[in-house]
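Novice: The lines below spell out each chain.
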Amino acid sequence: MNDLRLAAARKRLAECSGKTDAIEALREIVSNFLGSEEMALFQADCRTADFRTLWSFGIDAKKCNLLWALSEKGLEQILHGECHVQARAGESNGSKSVRAFVPIRVAHETVAVLAILQLLPQKTGFDRADMDLLALLSSEAGKALFPSGTARADESEKSE
Amino acid sequence: MAKKVLVVDDSRTALLMEREILEKRTSYQCVTAADGQEAVEKAKQERPDLILMDVVMPRMNGFEACKRMREQPSTRDIPIVLVTTRGEESYMEAGFQSGCNDYITKPVNGEELVALLQSYLGE
Chain A
1 MNDLRLAAAR KRLAECSGKT DAIEALREIV SNFLGSEEMA LFQADCRTAD FRTLWSFGID
61 AKKCNLLWAL SEKGLEQILH GECHVQARAG ESNGSKSVRA FVPIRVAHET VAVLAILQLL
121 PQKTGFDRAD MDLLALLSSE AGKALFPSGT ARADESEKSE
Chain B
1001 MAKKVLVVDD SRTALLMERE ILEKRTSYQC VTAADGQEAV EKAKQERPDL ILMDVVMPRM
1061 NGFEACKRMR EQPSTRDIPI VLVTTRGEES YMEAGFQSGC NDYITKPVNG EELVALLQSY
1121 LGE
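Quick mapping for you: the protein sequence lines, in order, are chains A and B.
Numbers 1 to 160, taken from the working numbering, label the letters of the first sequence in order.
Numbers 1001 to 1123, taken from the working numbering, label the letters of the second sequence in order.
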C-alpha cells in the first residue's frame, strides 16, 4: 500500500496550482498520511543565510524558532538534503516525542525546511514507509511551492 | 455488479489515496463527495453499499451527515464508517451516537481499510 500512498502524494503535489495550494497539499499529506497536526515551513533567505517562518499550522508562532534548537549536525544534515528525525523523551509518563525536519530541495539546494512536530497519540514514530514519504516531500514539494524556480525568499518576493 | 463505496473527505489528498486503494486493491466502485452536505445528497442519488466519511469537514461535518442519513428512509441502512484523526473514546462515542457503524483513525492503514470494507461488503 506504500506505493499507493506515495503515488497519491506525488499526484497531489504535481496538481498544485500555486504556493497556497502547495501549502495546503503539504498540510493534507502530513495530517492524513504521517499523523501530525503540528507543522511549520521555513524558507531560506539568502540575504541573511538564515531560515524564516513561511507558514505554520497547529502550533504557537512563538515555537516557530525551533530550527535554532537543532544541533549543528542536524542542521548540516538538512542543508545537505537529508531528513533529520529527532526522538526525545516526552514531557510525561515516559512517552517519546518524535519530530522530523524535511529539507525541501530545488536544484540540489535546500531552499526550505518542513518541520513536523507532535504526532497524534495513535502514531508512535516514523516507519520505513513514512521515511519514503518524507523523501518524496523533500524532492517534490519544492516544485509545487516554487513553480517559477525562484525558491529563495528574496527571489520569490521579486517574482510575486 | 460491483459494490459501490461513497468516499467523503474535504481533503483532496485523502480522497486521492482512498480512491487509489479502492480502485487498485478492491473490486468496488468509488464515488466521492467533498463535505457532509454533498454526501447526504450523493447518498440519496447513488445509493452506495457503504459510506467512508471524514468527520471534520466544512459546511456539514461527518457526525451531522451521519444523523441526516439515518433520518432518511433511502439511506438509513447504509453502513457508515467514520474516519478521523481523533481516537479518544468520548469522540468515538459521539460518532456511534450519530449512527455510524464503525470508526477508523488517521493515518489510515490501507490493509486495515481493505479488510474492514471486505467485512461489510465481501470480496
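Some clues are possibly wrong.
Capping the alpha-carbon separation at 16 Å, the derived lysine to aspartate or glutamate pairs in EDC-like fashion look like this [as the list claims (entries may be wrong)]: (1) A/Lys-143 x A/Glu-15; (2) B/Lys-1004 x B/Asp-1049; (3) A/Lys-73 x A/Asp-60; (4) A/Lys-123 x A/Glu-37; (5) B/Lys-1024 x A/Asp-3; (6) B/Lys-1067 x B/Glu-1093; (7) A/Lys-11 x B/Glu-1038; (8) A/Lys-123 x B/Glu-1046; (9) B/Lys-1003 x B/Glu-1071.
If you are wondering where the hints come from, they were derived from the structure by calculation, not from laboratory data.
Novice: Going back to the hint list, which numbers does this structure go against?
Specialist: 3, 7, 8, 9
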